[in-house]
Amino acid sequence: MPKLSYLKALNRALGDEMDRDESVFVLGEDMNFALTNVTAGFLDRFGPDRVVEVPLTEQGFTNFATGAAMAGRRPVVEFQIPFLLLLVFEQITNQANKFLLMSGGQRSVPVTYLMPAAGWRAGWGAQHSDQPYSLFAHMGVKTVLPATPTDAYGLLTTAIRDDDPVVFFGPLAALPVREDVDYADLGPIPLGKGRVHRAGTDVTVVALGHLVHEALAVAEELADEASIEVWDPRSVYPFDWAGLAESVARTGRLVVFDDSNRACGMGAEVLATAAEEMRLTAPPKRVTRPDGAIVGAVPELDVALQPDRAQLAEAIRAVLKSPGW
Amino acid sequence: MPDSLALYRMIRYIRRFEERSLDLVRAGEIVSGMHACIGQEAVSAGACATLEPDDIVLSSHRGHGHLLAKGCDPKRVLAEMAGKVTGIDKGRGGSFHPSDFTAGVYNATGTVGHGAGIAAGIAWAAKRAGEPTVVLSFFGDGAVTQGALLEGFNLAGLWQLPVVYICENNRYATTLPVDTAVSGTITGRGEAFGIPSSSVDGQDAETVYAAVSEAVDRARSGGGPSLLEMRTYRYHGHHTFELKTRLKYREQSEIDEWKARDPLDIQAARVPEADRLRVDAEIEAELDEVVRFALESPRPDPADAMDHMYADGFRPRAGVSL
Ligand SMILES: Cc1ncc(C[n+]2csc(CCOP(=O)(O)OP(=O)(O)O)c2C)c(N)n1
Ligand SMILES: [Mg+2]
Numbered sequence: 001m002p003k004l005s006y007l008k009a010l011n012r013a014l015g016d017e018m019d020r021d022e023s024v025f026v027l028g029e030d031m032n033f034a035l036t037n038v039t040a041g042f043l044d045r046f047g048p049d050r051v052v053e054v055p056l057t058e059q060g061f062t063n064f065a066t067g068a069a070m071a072g073r074r075p076v077v078e079f080q081i082p083f084l085l086l087l088v089f090e091q092i093t094n095q096a097n098k099f100l101l102m103s104g105g106q107r108s109v110p111v112t113y114l115m116p117a118a119g120w121r122a123g124w125g126a127q128h129s130d131q132p133y134s135l136f137a138h139m140g141v142k143t144v145l146p147a148t149p150t151d152a153y154g155l156l157t158t159a160i161r162d163d164d165p166v167v168f169f170g171p172l173a174a175l176p177v178r179e180d181v182d183y184a185d186l187g188p189i190p191l192g193k194g195r196v197h198r199a200g201t202d203v204t205v206v207a208l209g210h211l212v213h214e215a216l217a218v219a220e221e222l223a224d225e226a227s228i229e230v231w232d233p234r235s236v237y238p239f240d241w242a243g244l245a246e247s248v249a250r251t252g253r254l255v256v257f258d259d260s261n262r263a264c265g266m267g268a269e270v271l272a273t274a275a276e277e278m279r280l281t282a283p284p285k286r287v288t289r290p291d292g293a294i295v296g297a298v299p300e301l302d303v304a305l306q307p308d309r310a311q312l313a314e315a316i317r318a319v320l321k322s323p324g325w
Numbered sequence: 001m002p003d004s005l006a007l008y009r010m011i012r013y014i015r016r017f018e019e020r021s022l023d024l025v026r027a028g029e030i031v032s033g034m035h036a037c038i039g040q041e042a043v044s045a046g047a048c049a050t051l052e053p054d055d056i057v058l059s060s061h062r063g064h065g066h067l068l069a070k071g072c073d074p075k076r077v078l079a080e081m082a083g084k085v086t087g088i089d090k091g092r093g094g095s096f097h098p099s100d101f102t103a104g105v106y107n108a109t110g111t112v113g114h115g116a117g118i119a120a121g122i123a124w125a126a127k128r129a130g131e132p133t134v135v136l137s138f139f140g141d142g143a144v145t146q147g148a149l150l151e152g153f154n155l156a157g158l159w160q161l162p163v164v165y166i167c168e169n170n171r172y173a174t175t176l177p178v179d180t181a182v183s184g185t186i187t188g189r190g191e192a193f194g195i196p197s198s199s200v201d202g203q204d205a206e207t208v209y210a211a212v213s214e215a216v217d218r219a220r221s222g223g224g225p226s227l228l229e230m231r232t233y234r235y236h237g238h239h240t241f242e243l244k245t246r247l248k249y250r251e252q253s254e255i256d257e258w259k260a261r262d263p264l265d266i267q268a269a270r271v272p273e274a275d276r277l278r279v280d281a282e283i284e285a286e287l288d289e290v291v292r293f294a295l296e297s298p299r300p301d302p303a304d305a306m307d308h309m310y311a312d313g314f315r316p317r318a319g320v321s322l
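Line by line, the protein sequences are chains A and B. If you're matching positions, the first sequence starts at 1 in full-length UniProt numbering and goes up one per residue. If you're matching positions, the second sequence starts at 1 in full-length UniProt numbering and goes up one per residue.
In case anyone wonders, no lab produced these hints; they're calculated from the structure. Any given hint might turn out to be false.
Claimed, not checked - Here are the simulated lysine to aspartate or glutamate pairs, EDC-like style, with alpha carbons at most 20 Å apart:
(1) Lys127(B) with Glu53(A)
(2) Lys127(B) with Glu214(B)
(3) Lys127(B) with Asp21(A)
(4) Lys259(B) with Glu29(B)
(5) Lys3(A) with Glu225(A)
(6) Lys127(B) with Glu277(A)
(7) Lys8(A) with Glu29(A)
(8) Lys127(B) with Asp185(A)
(9) Lys8(A) with Glu277(A)
(10) Lys193(A) with Glu314(A)
(11) Lys193(A) with Glu246(A)
(12) Lys321(A) with Glu225(A)
(13) Lys193(A) with Asp312(B)
(14) Lys3(A) with Glu246(A)
(15) Lys8(A) with Asp182(A)
These numbers come from a predicted model, not from an experiment.
Using the sequences plus the hints, can you model the full thing?
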């Protein structure tokens, strides 16, 4: 079976959708040289009318995409660095995402915002290492964070076909992941549908994005101590609350492993919802970046601010040891 | 040249529509209050008279004139302002964020200046589809200090898109006089991007019509975007909150000077009195109906508050889980 990398999965999903639907086009910076590799080969394949190189004008081209979408196109807007999503946070959350409601349901804005390298970049410094997916979930923008090439293919496909704005986060640390796949098995994956990566009975670890792979490694390391379920929501908004509830019903215990800042991050939301609505037999824990973390430019310091395997192992042991409420 | 009487009719219609709307604001029927365009009607009337039905308008917060001149159903516009389900956006857009795709009004973003990029995107899509559509994008003088507006100009100029940018320079952004806000000129902003730009007397609907026609023809024939600065003035406050606050940022003498060039009077002088009186009476009768329709229409059901949030009908979780 062929090996599929994460970036190749994005390339394939976007190319397949552009083949399938003439209204899909992609725009971004350095498109003519496919700098991120997501659009490798596209300029020859689809031409400059559908592979649109734009100047450094993020607010301008994000609004432009809103307009093109109102006029019946399905733009995919590529961003090179996570902070650019902060620069256009208003254009996405306040304009594109509110338009269907403001127009009384007359017209939706089917734009996909593709961030194919989110999170920490060693040495790139504070302004290049954000992981802002929780912000979009907070604002009610459909947001996906696939961990594997297959899920990346499926969720990018769905994001493009979805009639609402969708932000796609590809975690940088997941880009090296490769998977043996049969191309025929690739297909759309619904939004708001989680996935059990490893079944278990003692504790549910909700792992997001690249941390899925770290969680799987920890579950393996601790296999003699406990049966750990690794559950991946895949979409952070909408979130598969029913899927999480099923997992928690099996295990009764919960740890969240989330690369967001602690306050108001997805980890906080998962714990709050589980506490309100699910039957937890012991207090849950989350492993996150610190409150308001600013990841700098020195790897030793940066790593100290990011959720890691050792913290997860400790949190799992603590939750398992807890005598209950 | 357009029909002088038709232009008069539209100016008069917008004027009276807004005066009646102001009464409804005072009566508490339009809870948002409103940004009246009274004094600026010649811009809406003259500019939209140049358009074909399939052309597209992007409006602004001061947009009732744009909507009426582009052909939205006045009953449904007023119902929208009054928050009724019969409104053009089922009451979800209100006076500030209206759109009406049946009339080609695509958006009125509340983020001042950001319509310029949206207009470029719509125009790009139309151009690529080989459609002859032209997009008119309206904004105020306050927008010209927004970076996103200039980013929109850049894309429109770069790709020679069929957009006509219309800046209604009414000399103030809320309380801020244009001279204390804008370095350089408004038209200079267009020229910097290679966009043909000119400054036009916005009080004279026929002058507006001539200037916009030329720009629309250029856009439609592949000649790219234009920027037109319309020199105009609003006779009322920025928003009806000024009925209470009485901010004094303009001299009465300045207001009087501009009232001496009232767009309604300028156009009235061009039509026979008998026609004018007939049209005025028709408008009053029509507006009685418009107001009746808006007031008698039902308000939305709070149970429907989450309708139209997502295209696939996805329902967000409620704010409490019991
Ligand atoms: C980006 C942005 N900044 C500030 C505001 C608040 N605001 C709404 S209207 C307005 C004044 C706009 O002035 P202008 O563009 O000249 O239009 P006018 O009201 O004169 O028609 C301001 C400051 C806003 N809506 N958007
Ligand atoms: Mg102004």
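Verification of the hints:
Taking the CA atoms of lysine 127(B) and glutamate 53(A), the gap is about 17 Å. The hint holds against a cut of 20 Å. Among the hinted pairs, lysine 127(B) with glutamate 214(B) is consistent with the structure: their alpha-carbon atoms are about 19 Å apart, no more than 20 Å. A threshold of 20 Å between alpha carbons decides the hint, and for lysine 127(B) with aspartate 21(A) the separation of about 18 Å falls inside it, so the pair holds. For the hint pairing lysine 259(B) with glutamate 29(B), the CA-to-CA distance comes to about 28 Å; that exceeds 20 Å, so the pair is violated.
As the CA atoms of lysine 3(A) and glutamate 225(A) are separated by approximately 33 Å, the hinted pair breaks the 20 Å bound. Of the pairs offered as hints, the one joining lysine 127(B) and glutamate 277(A) is violated, with about 52 Å between alpha carbons and a cut-off of 20 Å exceeded. Only pairs whose Cα atoms come within 20 Å are accepted, and lysine 8(A) paired with glutamate 29(A) is accepted, the gap being roughly 19 Å. About 38 Å separates the Cα atoms of lysine 127(B) and aspartate 185(A), which puts this hinted pair outside 20 Å; it is violated.
With a C-alpha separation of about 39 Å, the suggested pairing of lysine 8(A) with glutamate 277(A) is violated against the 20 Å cut-off. Using a Cα cut-off of 20 Å, the hinted pair lysine 193(A) and glutamate 314(A) is violated, with the two alpha carbons roughly 28 Å apart. A hinted pair counts as satisfied when its Cα atoms are at most 20 Å apart, and lysine 193(A) with glutamate 246(A) qualifies at roughly 12 Å. As the CA atoms of lysine 321(A) and glutamate 225(A) are separated by approximately 11 Å, the hinted pair is consistent with the 20 Å bound.
Under the criterion of a C-alpha separation no larger than 20 Å, the hint pairing lysine 193(A) with aspartate 312(B) is consistent with the structure, at around 15 Å. Using a Cα cut-off of 20 Å, the hinted pair lysine 3(A) and glutamate 246(A) is violated, with the two alpha carbons roughly 32 Å apart. For the hint linking lysine 8(A) to aspartate 182(A), the alpha-carbon distance of about 14 Å falls within 20 Å, and the restraint holds.
Of the numbered hints listed earlier, those contradicted by the structure are 4, 5, 6, 8, 9, 10 and 14.
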